[in-house]
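Novice: So the protein sequences, as listed, match chains A and B.
Numbering follows numbering that gives the first Met the number 0, in which position 265 of the first sequence is assigned residue number 264; successive positions increment by one, without gaps.
Numbering follows numbering that gives the first Met the number 0, in which position 58 of the second sequence is assigned residue number 57; successive positions increment by one, without gaps.
Please keep in mind that the hints were generated in silico from the structure rather than gathered at the bench.
We put the beta carbon where it would ideally sit given N, CA and C, even for glycine.
Where hints are given, some of them may not hold.
Each pair of labels, with its calculated beta carbon distance range [as the list claims (entries may be wrong)]:
{"#": "1", "chain 1": "B", "residue 1": "2", "chain 2": "A", "residue 2": "277", "range": "45 to 51 Å"}
{"#": "2", "chain 1": "B", "residue 1": "53", "chain 2": "A", "residue 2": "224", "range": "45 to 51 Å"}
{"#": "3", "chain 1": "A", "residue 1": "31", "chain 2": "B", "residue 2": "11", "range": "26 to 32 Å"}
{"#": "4", "chain 1": "B", "residue 1": "112", "chain 2": "A", "residue 2": "278", "range": "40 to 46 Å"}
{"#": "5", "chain 1": "A", "residue 1": "322", "chain 2": "B", "residue 2": "2", "range": "38 to 44 Å"}
{"#": "6", "chain 1": "A", "residue 1": "31", "chain 2": "B", "residue 2": "177", "range": "54 to 60 Å"}
{"#": "7", "chain 1": "B", "residue 1": "224", "chain 2": "A", "residue 2": "200", "range": "51 to 57 Å"}
Calculated pairs, DSS-like style, for lysine-lysine (alpha carbon to alpha carbon, straight line, at most 25 Å) [as the list claims (entries may be wrong)]:
{"#": "8", "chain 1": "B", "residue 1": "170", "chain 2": "A", "residue 2": "20"}
{"#": "9", "chain 1": "B", "residue 1": "291", "chain 2": "B", "residue 2": "170"}
{"#": "10", "chain 1": "B", "residue 1": "170", "chain 2": "A", "residue 2": "184"}
{"#": "11", "chain 1": "B", "residue 1": "170", "chain 2": "B", "residue 2": "180"}
{"#": "12", "chain 1": "B", "residue 1": "72", "chain 2": "A", "residue 2": "335"}
{"#": "13", "chain 1": "B", "residue 1": "67", "chain 2": "A", "residue 2": "335"}
Here are the chains, one letter per residue:
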Amino acid sequence: MRFEKTWIIVRKEFSEFRRNKYILYSLVLMPIIMAVVLPIVYLVPTASFATPPADHPLELNIHILAETEHIEFNNTTFANMRFVHCDLRDCIAFRCEFQECNLTYVLVRDSNLTSVTAKSSNVLHCNIWTSTIISSNTQGSLFLGQESQSEYFLKILINSLLMFFILIPSIIPTVIASYSFVGEKLNRSLEPLLATPTTDLELLLGKALAIFIPATLVTWLSLVPTIVIVDVVTSPILGYNILPNYVWLVGVFLVAPLVCILSVLFNVIVSAKVSDVRTSQQIGSIVILPIIAFFMIGLAGFITLNLENMALFGLAVLCLDALVFVLATRAFEREKILVNWK
Amino acid sequence: MIETQDLTRRFDKLLAVDRVSLSIRDGEAFAFLGPNGAGKTTTVRMLCCLIAASSGKAFIGGLDISDKKDQVKIRGMIGLLPENPGLYESLGAHRNIEFFAKLYGVPISEREERIRSLLKTLNLWERRNEPVGKFSKGMKQKVAIARALVHHPDYLFLDEPTAALDPESAKTVREFLIELKREGVTLFLNTHNLDEAQRVSDRIGVLKTKLLAVGSPDELASRYFGRTSLVQLSELRPEHVASIRSLPYVQDVRTSNGSILIDLDDPKKRNPEIVSLLVEQGAKIEHVEEVKHGLEDIYLKLMGGS
Numbered sequence: 000m001r002f003e004k005t006w007i008i009v010r011k012e013f014s015e016f017r018r019n020k021y022i023l024y025s026l027v028l029m030p031i032i033m034a035v036v037l038p039i040v041y042l043v044p045t046a047s048f049a050t051p052p053a054d055h056p057l058e059l060n061i062h063i064l065a066e067t068e069h070i071e072f073n074n075t076t077f078a079n080m081r082f083v084h085c086d087l088r089d090c091i092a093f094r095c096e097f098q099e100c101n102l103t104y105v106l107v108r109d110s111n112l113t114s115v116t117a118k119s120s121n122v123l124h125c126n127i128w129t130s131t132i133i134s135s136n137t138q139g140s141l142f143l144g145q146e147s148q149s150e151y152f153l154k155i156l157i158n159s160l161l162m163f164f165i166l167i168p169s170i171i172p173t174v175i176a177s178y179s180f181v182g183e184k185l186n187r188s189l190e191p192l193l194a195t196p197t198t199d200l201e202l203l204l205g206k207a208l209a210i211f212i213p214a215t216l217v218t219w220l221s222l223v224p225t226i227v228i229v230d231v232v233t234s235p236i237l238g239y240n241i242l243p244n245y246v247w248l249v250g251v252f253l254v255a256p257l258v259c260i261l262s263v264l265f266n267v268i269v270s271a272k273v274s275d276v277r278t279s280q281q282i283g284s285i286v287i288l289p290i291i292a293f294f295m296i297g298l299a300g301f302i303t304l305n306l307e308n309m310a311l312f313g314l315a316v317l318c319l320d321a322l323v324f325v326l327a328t329r330a331f332e333r334e335k336i337l338v339n340w341k
Numbered sequence: 000m001i002e003t004q005d006l007t008r009r010f011d012k013l014l015a016v017d018r019v020s021l022s023i024r025d026g027e028a029f030a031f032l033g034p035n036g037a038g039k040t041t042t043v044r045m046l047c048c049l050i051a052a053s054s055g056k057a058f059i060g061g062l063d064i065s066d067k068k069d070q071v072k073i074r075g076m077i078g079l080l081p082e083n084p085g086l087y088e089s090l091g092a093h094r095n096i097e098f099f100a101k102l103y104g105v106p107i108s109e110r111e112e113r114i115r116s117l118l119k120t121l122n123l124w125e126r127r128n129e130p131v132g133k134f135s136k137g138m139k140q141k142v143a144i145a146r147a148l149v150h151h152p153d154y155l156f157l158d159e160p161t162a163a164l165d166p167e168s169a170k171t172v173r174e175f176l177i178e179l180k181r182e183g184v185t186l187f188l189n190t191h192n193l194d195e196a197q198r199v200s201d202r203i204g205v206l207k208t209k210l211l212a213v214g215s216p217d218e219l220a221s222r223y224f225g226r227t228s229l230v231q232l233s234e235l236r237p238e239h240v241a242s243i244r245s246l247p248y249v250q251d252v253r254t255s256n257g258s259i260l261i262d263l264d265d266p267k268k269r270n271p272e273i274v275s276l277l278v279e280q281g282a283k284i285e286h287v288e289e290v291k292h293g294l295e296d297i298y299l300k301l302m303g304g305s
């Protein structure tokens, strides 16, 4: 293996890419869409309706007149009461305190809620500590000492944006490889190249690296505007800059290059079988399906996009890389290229 | 030297090349003639280590084409001009050739001078930076030739080098090949063009899956047609024909349009004797020559008889 031969091929490929407008479009437009436009479209509407975090509770002027424990209430109106371990249904409560209660179809206003589970209720202008609020209106309330629903939802959205950073290095190779390999087949320029004193592996690596390098660099560079957009949009709600974090760093700097390798090698195999640039791009795009599936499962809440799961995903892609590398080296043999490549 | 021993290649059930054995000296120009599908390109691909032989052996400059280590060395010693120029159309002629010069390991000190020299010889220097996609077929073929020669190969394999060219470009390419032959490059030429094969090559091989014949055009003509003298008389008489037929070295005598066609062993030696005999009989001789059988006759005879 002589790396200088591989690098000569890489540089020649770069010379050709510079003159191919479709490759240039894919290298410029795709990151703009994935790393700038989609994060804005995705986050701004959600962030504008999110509840900001609170450092100090609302001053509610509550004067407790009575306290009750372990009692169920229905269709009752209360004011200035403390409830501990109570269940309230179809009730109205003003300036009350609730500790470890269950509220269903309850209108609560100007109250303190601690470790409460509220379902289908209106919890208005209240202080809420470590509670579970389901399908309820929390207008004017503050979430204290816990993550608000909107914070939680924003974090899921931000994590799902990572999908685009895995998609960029998987889609760009389908475009470049289709021109690099299929274009070379159509031009019939492979035969003189194969007649040079280079090995099959040097040729394969030269062409693969020429695709891998720009696709990965573009992905890494795209991270900068996304970090800026995400932090500018979400820091007022979250109270801190969520990016960069370890999940994203592992995703962008480890998983994304592994996915890129998978896409490049998969497209080598596809290119061996087809003789049309568009067909190559369509079949080559199949590689993005498992990536989308992984992130959709994450978005649906079936798995958490944490560091551990990203590392496991990366490991799975690495195993696929090894398998596809063996298949690609088999497809990229001189004799097969000349005799079998259609 | 290029040497093959029973070189054979099968593609599944199709026998493309069948036990081809030949030997081509260094500096020799050799042409393979044969119809489409005869196995010419397959043979060249085997010799260039692009595809493996199913059986048999071949050596280029003493190196074995089946040995993995030798294959890289062989590819460094040869130049290949495939049937299609196969250029990078978005790149200029200079960049196309430079890329191959680097892959062939042409030293940086010689590279630029070599590229300039080739492009100037082929009248492409002025347009060296234009994308070759804008070039005519002839110009592309010239770039492909320059690419195949940039590393001073000892052996040059050419697959139909003038097939797509206009007569003027084809002439330029042929003259260039003859010049290369003078410089001592061993040429292996696949062609349908009989005239080109005759002009450029020292020896010819006729291939139709099997190697049907090998030799110089004259050798092949005498092997397949014998040798013939033509005598043109101002007045043809039966006694002239009869007296010639009686000569011991004459194999056959025919007449055609007032001329006598005589099949014999050595026209150069026997023609003066025949002239003396006819003069003694009072014949008035207008013209005497040896009839040359062209490559086309040989080719058609071999193809018809195979």
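Novice: None of the hints should be skipped; say for each whether it holds.
Specialist: Against the structure, the hints come out as follows:
1. Between residue 2 (chain B) and residue 277 (chain A) the beta carbons are some 47 Å apart, a value that agrees with the proposed interval 45 to 51 Å.
2. Hint check: residue 53 (chain B) to residue 224 (chain A), Cβ distance near 58 Å, so the stated range 45 to 51 Å is violated.
3. The hint said 26 to 32 Å for the Cβ distance between residue 31 (chain A) and residue 11 (chain B), and at roughly 50 Å that hint is violated.
4. Residue 112 (chain B) and residue 278 (chain A) have their C-beta atoms about 44 Å apart, which keeps the hinted 40 to 46 Å range intact.
5. The hinted range of 38 to 44 Å is satisfied by residue 322 (chain A) and residue 2 (chain B), whose Cβ atoms lie roughly 43 Å apart.
6. At about 57 Å, the beta-carbon gap between residue 31 (chain A) and residue 177 (chain B) stays in the expected band of 54 to 60 Å.
7. Distance hint for residue 224 (chain B) and residue 200 (chain A): a CB-CB separation of about 53 Å, consistent with the stated range 51 to 57 Å.
8. Distance check on the hinted pair: residue 170 (chain B) and residue 20 (chain A) sit about 38 Å apart at the alpha-carbon level, beyond 25 Å; violated.
9. Distance hint between residue 291 (chain B) and residue 170 (chain B) is fulfilled; the C-alpha atoms sit about 24 Å from each other, no more than 25 Å.
10. Proximity of residue 170 (chain B) to residue 184 (chain A) is assessed by CA-CA distance (about 30 Å); at most 25 Å being required, the pair is judged violated.
11. Only pairs whose Cα atoms come within 25 Å are accepted, and residue 170 (chain B) paired with residue 180 (chain B) is accepted, the gap being roughly 15 Å.
12. Restraint check for residue 72 (chain B) and residue 335 (chain A): the C-alpha separation of about 21 Å stays at or below 25 Å, so the hint holds.
13. Between residue 67 (chain B) and residue 335 (chain A) the alpha-carbon distance is near 16 Å, which keeps this suggested pair within the 25 Å criterion.
The structure fails hints 2, 3, 8, 10 (numbered hints given earlier, in ascending order).
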